[in-house]
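Chemist: For reference, the chains in residue letters:
There are 2 protein chains.
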Amino acid sequence: MSKPRSKPCLPGPTPSGSAQGAKSALDSLREQIDGIDQQLVDLLVQRGRIIQQVTDIKKRHDLPTFHPAREENLISTRRAQATQAGLDPDYVEDLFRTMLRHSRVGQLSTLSRRSVRPGAKILIVGGLGNMGRFFSTWLRQSDYEVRVLDRDDWPKVRSLTTEIDLCLLAVPIEITPSIALQIGKYLPPACVLTDITSLKRKPLEAMLRGHAGPVVGLHPLFGPATVTMDKQIVVFSPGRSLSKCQWFLDQLTLWGNVLVETPASEHDEIMGIVQALRHFATFTFGQFLCSRGVPVLRTLELSSPIYRLELAMVGRLFAQDPQLYAEIIFATPERQALLKDYLESLQKNLSLVERGDKTEFIARFRQIAEWFGPFSEQAMRESTFLVEKLVHRF
Amino acid sequence: MSKPRSKPCLPGPTPSGSAQGAKSALDSLREQIDGIDQQLVDLLVQRGRIIQQVTDIKKRHDLPTFHPAREENLISTRRAQATQAGLDPDYVEDLFRTMLRHSRVGQLSTLSRRSVRPGAKILIVGGLGNMGRFFSTWLRQSDYEVRVLDRDDWPKVRSLTTEIDLCLLAVPIEITPSIALQIGKYLPPACVLTDITSLKRKPLEAMLRGHAGPVVGLHPLFGPATVTMDKQIVVFSPGRSLSKCQWFLDQLTLWGNVLVETPASEHDEIMGIVQALRHFATFTFGQFLCSRGVPVLRTLELSSPIYRLELAMVGRLFAQDPQLYAEIIFATPERQALLKDYLESLQKNLSLVERGDKTEFIARFRQIAEWFGPFSEQAMRESTFLVEKLVHRF
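Respectively, the protein sequence lines represent chains F and Y. To convert, note that position 2 of the first sequence is 1 in numbering that gives the first Met the number 0; the numbers rise steadily by one, no gaps. To convert, note that position 374 of the second sequence is 373 in numbering that gives the first Met the number 0; the numbers rise steadily by one, no gaps.
If you are wondering where the hints come from, they were derived from the structure by calculation, not from laboratory data. One should not assume that every hint holds.
Identical copies look the same in the list; a pair holds intra-copy or inter-copy alike.
[Said to hold, decoys possible] Subject to a maximum C-alpha distance of 27 Å in a straight line, what follows is the list of computed DSSO-like cross-link-like pairs (lysine-lysine):
{"no.": "1", "residue 1": "K347", "residue 2": "K243"}
{"no.": "2", "residue 1": "K357", "residue 2": "K155"}
{"no.": "3", "residue 1": "K201", "residue 2": "K58"}
{"no.": "4", "residue 1": "K120", "residue 2": "K155"}
{"no.": "5", "residue 1": "K58", "residue 2": "K230"}
{"no.": "6", "residue 1": "K230", "residue 2": "K22"}
{"no.": "7", "residue 1": "K58", "residue 2": "K339"}
{"no.": "8", "residue 1": "K184", "residue 2": "K57"}
{"no.": "9", "residue 1": "K155", "residue 2": "K230"}
{"no.": "10", "residue 1": "K58", "residue 2": "K22"}
{"no.": "11", "residue 1": "K201", "residue 2": "K357"}
{"no.": "12", "residue 1": "K120", "residue 2": "K22"}
{"no.": "13", "residue 1": "K339", "residue 2": "K357"}
{"no.": "14", "residue 1": "K22", "residue 2": "K357"}
{"no.": "15", "residue 1": "K57", "residue 2": "K22"}
{"no.": "16", "residue 1": "K339", "residue 2": "K230"}
{"no.": "17", "residue 1": "K155", "residue 2": "K22"}
Using the sequences plus the hints, can you model the full thing?
Modeler: Next comes the structure, spelled out in C-alpha cells:
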C-alpha cells in the first residue's frame, strides 16, 4: 500500500498525491456530487409538476389512479437502462418504486374524493367513535350525505333512517349483533346494512335477521390513524343481494382499498390466529419484559436489527388502544380454547428444553421448516430487505 | 363533474377536452416523465462514477469510508432544497438515504480489504464451520495469513500455533470452554485469544484460565450469510490486556462493524431475553401453526401488512440452521428457568382471559404501556415506516 508522500512538484505516472492533495481532490469530487444531487432534486420537482397535470386530467375524466401495467413497464425500462450503464438494477428499481409510490399517494389524495354515488345518504351508527369518525370524514369528502347515530340519538332514529341508502355499524364488537337487530326495524327495504367489526359470523347473522334488504359484512384491516387508503385491505363477507351492495365496495376500491372476499366462518377462524393469538402472544412478551424490569434500551444496543424489529412489534402494541385489543382477544369461547391450545404447545416445547432433548428439538424444527415450504425463504428475503431499510434509516 | 364531450372544434375557455383529447394529453405528459426518468438514471450513473473516484482516493490514503457528518449535511441540504421547491422533504430524504447506502456499501466492498496488520498470523479453531469459513474469507481478503485447525488437525497443533498473533475460536458453544483450555497451552504469550460464541461468561473464564496473554470475548450479531459488514454489530467483553487486542477490534471497525462493549455477565443475561426467549417464542408460534395445519398463505391474503411482517419473522427462523437455535435455547440452566417463568406469565394472562376479566387486562395493558414509555411511540413510527416499505415492495 502506498504511503502518503510530500507534495508532488512534478507531474508523474504514480496515481497518488500528498494527503493535502487527496483532500483537495476529494473536495472537488464532493462539489461535483453536490451539483449532481441538486440536479436530481430539480428533476424530481419537474416530475412532480407533470404528475400534477396527469392527476388533473384523470380527475376531469374519471380515469383510474393506478396503472399497474404502466408502472411495471416503467420499472423494466429503467432497470434495462441501469444495467446497460453498469449500475445495479435493483438499486435503481428501489429508487423508482419510492418515486412511484409517492406519486400514487399524491394522486390518491386528490382523486380519492371522487364519489361512486354522490349525494347518497349514509347513516353511521357509532359515528362518534374513532372508526365512525374516520369513515364519516372519508364519506363526506366524497360528497355523501352523512348522518350520525350515537348512544344518545335513539329518540331520533326514525328521522335519521328516513330514505337512507346505507347504514354502517361502527360500534364495539360485543354490541354489534344487538344493535343490528335494533336498527334493522327502521331501515328502508332497499337500504344496504353493513358493519366494520373484526368478527364476521355473529354480526352477519344478526344483520340478516334484523334487516330483509341487502347485507354485507366488512372488516377493514387498518385503524383510524391511517392517512392513506392506498393498498389497505378490506375483507368482506357477503350476506344478501351482493350486487346491490356493490356500489359501496366500488367506493372503497376507488379510495385505494384492496377488497378480499371470504365466508364469515373462514374469516373468524383465521382472525383467531392472525389477531387474537398474535396479539395475546405479543401482549405476554411485553408484560414479561415489564415484570422482570428488563432494560429495553440496553437490549436494543446489544442486538441485531432483527430483534429491534421484533421489539418494535411488541412496543407498537402498547402505543394503541387497550379496549380494542381486549375486545379482539376476549371475543369468543373459541378464541379462549385456541389460546389454551397454544399454552399447551408451549408447555410441551418447554419440557423438551428441560429434558435437554436437542435431537427432538432439531427434528421438530426440520419438520416445521418443511411444512412452511418456500414461505420461509420468502420470509427470509422480505425480512432481510426490511432490516436493511431499518438499519439505514434509524 | 364534467362529462366527456365530443371532439372540441373550437378553442374555448372550458378546461376539459374529449376522452381522446385526454388520452393524447396523458400520452404526451407520460413521454415527458419518461424523459425526466431517463435523465435521472443518467445522473445516477455520473454520481456512481464520481464515487468510484472518491473510493480510489480513500483507498490510496487509508481514509475512512464513512463520513456521518457529511451524510447528515447532505441530507439536510437536499431537504431544504425540496421544501423550498414545494416537494415533501421526507420523500426526498428517503431517496437520498437509499443512494447514500448504495454508495457506502459499494465503497465498503472495495475498501474493506484494507488491513490493520497485514501479514499477521491468525489461527481459526473450527475454521471449517460456517462462521469459521466466513471469518477466514474476510481475513484472507485483508492480507492476513490464515491457518485453520479443525477436528482432525490436533496432531499438527504445535506447528499451527507457532508464532501466531491471534487465535479465534469458532467452535460450537458447548465445547468452546474446553477447547479454550486445550489450545491455551500452545499459544505464544503475546498472542490474542478470542471467541465468537453467543455466550460470554463461561467461554471468557475458560480463555482466561487457559491462556496467560491478551484475551477478549466477541459476539458478532450476524450469521455467515451476511454479505456486508456495514453497521453490523459486534459485542465484545474485555478479558485481559484489552489494549493488546485493540488492533483486531480496529480491523472489525475498518470492515464496517459497530463495536459495543459489555461485561460478560450483562451480555449473557440480556441474550437470554434477546435470543433464547425470543427464538423459543417464535419457534413455538411456528410449531403451533404447523400442528393445526393453518393455511399460511390464506392468512396472508386476509391480513394487514403488520401481520405479514410478524409472520415473516416466524418464517425466517425456519429458513435457518436448527443446530444454532438449539444451542442458543438449550445453552444454560438459567435459560431454562427464564423460559419457565415466561410460561407462568402466559398462564396467568390466559387465566385472565378465561375469567373474562377485561378490566384487569386493560389495567395491566396501561401499566405496561407506561413502563415502555416513549419507546412504544418510537416502535410505532419505526414499524409503520417499515410496513409502508413492505406494502410497496412486495
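Chemist: Evaluate K120 and K22 at a C-alpha cut-off of 27 Å and name the case that applies: within, between, both or neither.
Modeler: neither (70 Å within a copy, 34 Å between copies)
Chemist: Tell me, please, which holds for K357 and K155 at an alpha-carbon limit of 27 Å: within, between, both or neither?
Modeler: For K357 and K155, the Cα distance exceeds 27 Å both inside one copy (67 Å) and across copies (32 Å).
Chemist: Could you place K201 and K357 in one of the four classes (within, between, both, neither) given a Cα distance threshold of 27 Å?
Modeler: Classified as between; 20 Å across copies, 45 Å inside a copy.
Chemist: From the Cα coordinates, with 27 Å as the cut-off, is the pair K201 and K58 best called within, between, both, or neither?
Modeler: So K201 and K58 fail the 27 Å test inside a copy (40 Å) and across (68 Å) alike.
Chemist: Is the C-alpha distance from K339 to K357 at most 27 Å within one copy, between copies, in both cases, or in neither?
Modeler: For K339 and K357, both the intra-copy (25 Å) and inter-copy (17 Å) Cα distances are at most 27 Å.
Chemist: Is it within a copy, between copies, both, or neither that the alpha carbon of K120 lies no farther than 27 Å from that of K155?
Modeler: within (16 Å within a copy, 87 Å between copies)
Chemist: For K155 and K230, with the copy left unspecified, which applies at a CA distance of at most 27 Å: within, between, both, or neither?
Modeler: Neither: 37 Å inside a copy, 63 Å across copies.
Chemist: For K57 vs K22, is the C-alpha pair at or below 27 Å within one copy, between two copies, both, or neither?
Modeler: between (52 Å within a copy, 10 Å between copies)
Chemist: Checking K347 and K243: alpha-carbon separation at most 27 Å within a copy, between copies, both or neither?
Modeler: Classified as neither: same-chain Cα gap 51 Å, cross-chain 48 Å, threshold 27 Å.
Chemist: At most 27 Å between C-alpha atoms: does K58 with K339 qualify within a copy, between copies, both, or neither?
Modeler: neither (53 Å within a copy, 60 Å between copies)
Chemist: Tell me, please, which holds for K22 and K357 at an alpha-carbon limit of 27 Å: within, between, both or neither?
Modeler: neither (57 Å within a copy, 66 Å between copies)
Chemist: For K155 and K22, with the copy left unspecified, which applies at a CA distance of at most 27 Å: within, between, both, or neither?
Modeler: neither (78 Å within a copy, 49 Å between copies)
Hints 1, 2, 3, 7, 8, 9, 12, 14, 16 and 17 from the earlier list are contradicted by this structure; the remaining hints agree with it.
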